[in-house]
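Sequence lines, in order, name chains P and E. All residue numbers for the first sequence refer to my numbering, where the first residue is 1 and numbers rise by one. All residue numbers for the second sequence refer to my numbering, where the first residue is 1 and numbers rise by one.
Fair warning: there could be bad hints in the mix.
Said to hold, decoys possible - Some but not every residue of chain P turned toward chain E, in silico, with C-beta under 7 angstroms:
| hint | residue |
| --- | --- |
| 1 | 69 |
| 2 | 72 |
| 3 | 96 |
| 4 | 100 |
| 5 | 108 |
| 6 | 301 |
| 7 | 302 |
| 8 | 303 |
| 9 | 309 |
| 10 | 318 |
| 11 | 320 |
What the hints assert, rightly or not - Stretch-level coverage of chain E by chain P, calculated; a stretch enters the list once three of its residues show a Cβ under 8 angstroms from a Cβ in chain P:
| hint | stretch |
| --- | --- |
| 12 | 106-119 |
| 13 | 267-278 |
| 14 | 308-322 |
| 15 | 391-403 |
| 16 | 406-415 |
To be verified - Pairwise CB distance ranges (calculated):
| hint | chain 1 | residue 1 | chain 2 | residue 2 | range |
| --- | --- | --- | --- | --- | --- |
| 17 | E | 40 | P | 207 | 42 to 48 angstroms |
| 18 | E | 40 | P | 250 | 23 to 29 angstroms |
| 19 | P | 207 | E | 424 | 40 to 46 angstroms |
In case anyone wonders, no lab produced these hints; they're calculated from the structure. Given the structure is predicted, the values throughout are model-derived calculations rather than measurements. Backbone N, C-alpha and C define an ideal beta-carbon position, used for all residues, glycine too.
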Amino acid sequence: MEYSFDLNTVWFILIGILLAGYAILDGFDLGVGALHLLTKNDEERRIMLNSIGPVWDGNEVWLVTGGGALFAAFPNVYATIFSGFYTAMMLLLAVLIFRAVSIEFRSKREGKRWRQNWDISFSISSIFIALLAGVALGNVIQGIPLDPDMEFYGNFWTLLNPYAIMVGITTVALFMMHGAIYVVMKTEGKMHEKIRGWVNNTIIFFVICYVSVTMATLIYQPHMTEHFKDFPPAFFIAILNMLAIANIPREIYKGRDFRAFLSSCASILALMSLFAIGIFPNIVLSNPYPQYSLNIYNAASSVKTLAIMLIIALIGIPFVLTYTVSIYWVFRGKVKLDSSSY
Amino acid sequence: MEVEMLSRIQFGFTIAFHYIFPPLSIGLGVILVIMEGMYLKTKKKIYHEMTRFWVKIFALTFAMGVATGIVMEFEFGTNWSSYSRFVGDVFGSALAAEGIFAFFLESGFLAILVFGWNKVSPRMHFFSTIMVSLGSMFSAVWIVVANSWQQTPAGFQLVGEGLSKRAEITSFWDMVFNPSSMERLMHVLGGAWLAGSFLVISVSAYYLLKKKHIMFAQSSLKIGLIVAVCASLYQLFTGHQSGAGISKNQPAKLAAFEAHYESNLPADMYILGWVNEEKKEVSIGLKVPIKGFLSFLVYWDANKPLTGLNSFAPEDQPPVNPVFQSYHFMVAIGMVLILISLLGIVFWRRGTLFTKSWMLKLMVISVLGPQIANQLGWFSAEVGRQPWIVYGFMRTSEGISKVVSADQTVFSLILFFLIYALLFILFIFLLDRKIKHGPEETEDEASIYEQQRHTVDKFPISKKST
Numbered sequence: 001m002e003y004s005f006d007l008n009t010v011w012f013i014l015i016g017i018l019l020a021g022y023a024i025l026d027g028f029d030l031g032v033g034a035l036h037l038l039t040k041n042d043e044e045r046r047i048m049l050n051s052i053g054p055v056w057d058g059n060e061v062w063l064v065t066g067g068g069a070l071f072a073a074f075p076n077v078y079a080t081i082f083s084g085f086y087t088a089m090m091l092l093l094a095v096l097i098f099r100a101v102s103i104e105f106r107s108k109r110e111g112k113r114w115r116q117n118w119d120i121s122f123s124i125s126s127i128f129i130a131l132l133a134g135v136a137l138g139n140v141i142q143g144i145p146l147d148p149d150m151e152f153y154g155n156f157w158t159l160l161n162p163y164a165i166m167v168g169i170t171t172v173a174l175f176m177m178h179g180a181i182y183v184v185m186k187t188e189g190k191m192h193e194k195i196r197g198w199v200n201n202t203i204i205f206f207v208i209c210y211v212s213v214t215m216a217t218l219i220y221q222p223h224m225t226e227h228f229k230d231f232p233p234a235f236f237i238a239i240l241n242m243l244a245i246a247n248i249p250r251e252i253y254k255g256r257d258f259r260a261f262l263s264s265c266a267s268i269l270a271l272m273s274l275f276a277i278g279i280f281p282n283i284v285l286s287n288p289y290p291q292y293s294l295n296i297y298n299a300a301s302s303v304k305t306l307a308i309m310l311i312i313a314l315i316g317i318p319f320v321l322t323y324t325v326s327i328y329w330v331f332r333g334k335v336k337l338d339s340s341s342y
Numbered sequence: 001m002e003v004e005m006l007s008r009i010q011f012g013f014t015i016a017f018h019y020i021f022p023p024l025s026i027g028l029g030v031i032l033v034i035m036e037g038m039y040l041k042t043k044k045k046i047y048h049e050m051t052r053f054w055v056k057i058f059a060l061t062f063a064m065g066v067a068t069g070i071v072m073e074f075e076f077g078t079n080w081s082s083y084s085r086f087v088g089d090v091f092g093s094a095l096a097a098e099g100i101f102a103f104f105l106e107s108g109f110l111a112i113l114v115f116g117w118n119k120v121s122p123r124m125h126f127f128s129t130i131m132v133s134l135g136s137m138f139s140a141v142w143i144v145v146a147n148s149w150q151q152t153p154a155g156f157q158l159v160g161e162g163l164s165k166r167a168e169i170t171s172f173w174d175m176v177f178n179p180s181s182m183e184r185l186m187h188v189l190g191g192a193w194l195a196g197s198f199l200v201i202s203v204s205a206y207y208l209l210k211k212k213h214i215m216f217a218q219s220s221l222k223i224g225l226i227v228a229v230c231a232s233l234y235q236l237f238t239g240h241q242s243g244a245g246i247s248k249n250q251p252a253k254l255a256a257f258e259a260h261y262e263s264n265l266p267a268d269m270y271i272l273g274w275v276n277e278e279k280k281e282v283s284i285g286l287k288v289p290i291k292g293f294l295s296f297l298v299y300w301d302a303n304k305p306l307t308g309l310n311s312f313a314p315e316d317q318p319p320v321n322p323v324f325q326s327y328h329f330m331v332a333i334g335m336v337l338i339l340i341s342l343l344g345i346v347f348w349r350r351g352t353l354f355t356k357s358w359m360l361k362l363m364v365i366s367v368l369g370p371q372i373a374n375q376l377g378w379f380s381a382e383v384g385r386q387p388w389i390v391y392g393f394m395r396t397s398e399g400i401s402k403v404v405s406a407d408q409t410v411f412s413l414i415l416f417f418l419i420y421a422l423l424f425i426l427f428i429f430l431l432d433r434k435i436k437h438g439p440e441e442t443e444d445e446a447s448i449y450e451q452q453r454h455t456v457d458k459f460p461i462s463k464k465s466t
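Please build the complete structure, drawing on both the sequences and the hints.
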């Protein structure tokens, strides 16, 4: 089957970019959350929180906007996934709420127990969000049972299969690595040295997960490799990914933390690209009946809506990039606690 | 209970809880712009202190709004997936536009507003405050546009048959400027300004009663009162516009507001009453003593008949008494708020406001007024739209998710109930602590900024970090 480059493809890519942006940006702050309990005293924990303090909310907007864009461009995907994964979505909402309020509430009182409770809530919810996002991704790769009316006919437990859980754990590992590098970049002194030591462990954990998932994908999800057979240059992305990961310890060793962080970002981008190339032109695979898959045509809005949305996106993107870059610029450098900190 | 009812209760509960916070953010946002603007203009320390204090309250309400807002975006898909399939082509673009035009703006500049006092110049900080305030209002624009499209759908055509039938956009601008969107937006924004200004009034009055932070409280109260008096009078106007619009676009809803059944008679207006839906009459009620007053307000002609509920088949009518009650209480509260703010101005001009203890006490509890009125207003607007989810085109019962069971909805409803009960207690507790703690003496922000400017590492990322 031949595909022409059309608006549906453009929107597949744009939503991919939004979700990759979410993974890169919220990825590090979820990672910081996952590592949060490993720091011991209140000052270290405050530094952890304040390293993401001004930016985590904006990072989450990538998810919210990604959801809105999915609703607008591929309403059937939005409707099928959100209603089909009902219980999982409700749990995801619960942890998203707890994470947001943990960050906000923690600093409001001095009490040790108060802070300890919000620390636990913040860390566990961060891990869960990463895990659930990965499990969702794993299920999309593997395919979920869909009927001819595009409705999901499995249940909550259908989603908790070994492959999806492996992808979920890999996502947690990836974000932990990404978050550890971010904290190294944002800290100084003793804490900086300590977290530097963690980076290697997180890389090892991630690489073990990544290699396992890759093997599982090659063996059990061979459909993900088809486009790479048809179009071998795409394999370079896989090589670039490995190079990016290999570059992280090198940069950390040389003390170039920002470059290590960029490598980690590049790795996430590469992983998202591999995933997107693998499933294209489907968005949600149907398994066992592949003919009921939701793809960029049967799940899409009208061409007119896609065109209107593209104009909205083209107007909005320069603004979004300007805000994002400016905020990260204003809050560049090492974390310093002051009266307005968490 | 059936899934439809459970999903309606869940959406109603989660949106009602969410809607405590966005109006506060929008209203406080405007007040922050005024306060910080006053500071930059007069350089008086008191305005800086006020801005710092209210920014902290703002940050708390904003965080609650974010945490509970993401639920709303999910619920269209989780509980109303048939609706989402039907309207995604039209409704989805408004939500996506909200993300890209409002949320990024708000969340980006919020970082500077809350954490950036020592990082940017005072002018840049003021600019950020304006941007956050604008962002919160842009968010209202798109969400009210989306909701108004449900009330008065426009700019689309129906395509397909049966399960694949859906609304497809024909004109984006007709969708955005659908017949009710602008008048409803004006009314929603007014309600938000009231919520923010009465919070400021209430807290200031509390300090005055306790004889604490007197200067701070007096200045805050004045700003709050000015916004409140403008917003409450403005609501009288936008409320009227909205009512006149509803008479054209959703006659069944207006008829339910006033329990007007007979289409060939002019309509009276009630101040209070109880509707007997069986007998199709207002069993006890207090009317505005002018005959045909509702007809007069809508047509400027007290003798002109107004479409009544009898013109609609029973299955197309909204529940009348709940809509009647919520609408009338909203109006009544609106009138009381006008009275309180006008009285406040009168006492202020006479110089007795800050010592009139009964007035201050009234002001302390007045914070509940806009909150309750906002909730009642939305209740009457949404229940008044029933039985339609898209007025005239899709019934609420057709919009539910087919694959979601009653058990799942009961589970999620209990989950939300528990989480929100906890959040509400914590929110009130923290707000109370913040208010009791009061404003802090602050250093002059410009001087801190100048000090830091010279010590901040200009290009930290290119340096070795060891």
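Here's how the hints hold up against the structure:
{"no.": "1", "hint": "69", "in the structure": "holds (5 angstroms)"}
{"no.": "2", "hint": "72", "in the structure": "holds (3 angstroms)"}
{"no.": "3", "hint": "96", "in the structure": "holds (6 angstroms)"}
{"no.": "4", "hint": "100", "in the structure": "holds (4 angstroms)"}
{"no.": "5", "hint": "108", "in the structure": "holds (5 angstroms)"}
{"no.": "6", "hint": "301", "in the structure": "holds (4 angstroms)"}
{"no.": "7", "hint": "302", "in the structure": "holds (4 angstroms)"}
{"no.": "8", "hint": "303", "in the structure": "violated (10 angstroms)"}
{"no.": "9", "hint": "309", "in the structure": "holds (6 angstroms)"}
{"no.": "10", "hint": "318", "in the structure": "violated (11 angstroms)"}
{"no.": "11", "hint": "320", "in the structure": "holds (5 angstroms)"}
{"no.": "12", "hint": "106-119", "in the structure": "holds (count 12)"}
{"no.": "13", "hint": "267-278", "in the structure": "violated (count 0)"}
{"no.": "14", "hint": "308-322", "in the structure": "violated (count 0)"}
{"no.": "15", "hint": "391-403", "in the structure": "holds (count 3)"}
{"no.": "16", "hint": "406-415", "in the structure": "holds (count 4)"}
{"no.": "17", "hint": "E:40 / P:207: 42 to 48 angstroms", "in the structure": "violated (53 angstroms)"}
{"no.": "18", "hint": "E:40 / P:250: 23 to 29 angstroms", "in the structure": "violated (49 angstroms)"}
{"no.": "19", "hint": "P:207 / E:424: 40 to 46 angstroms", "in the structure": "holds (45 angstroms)"}
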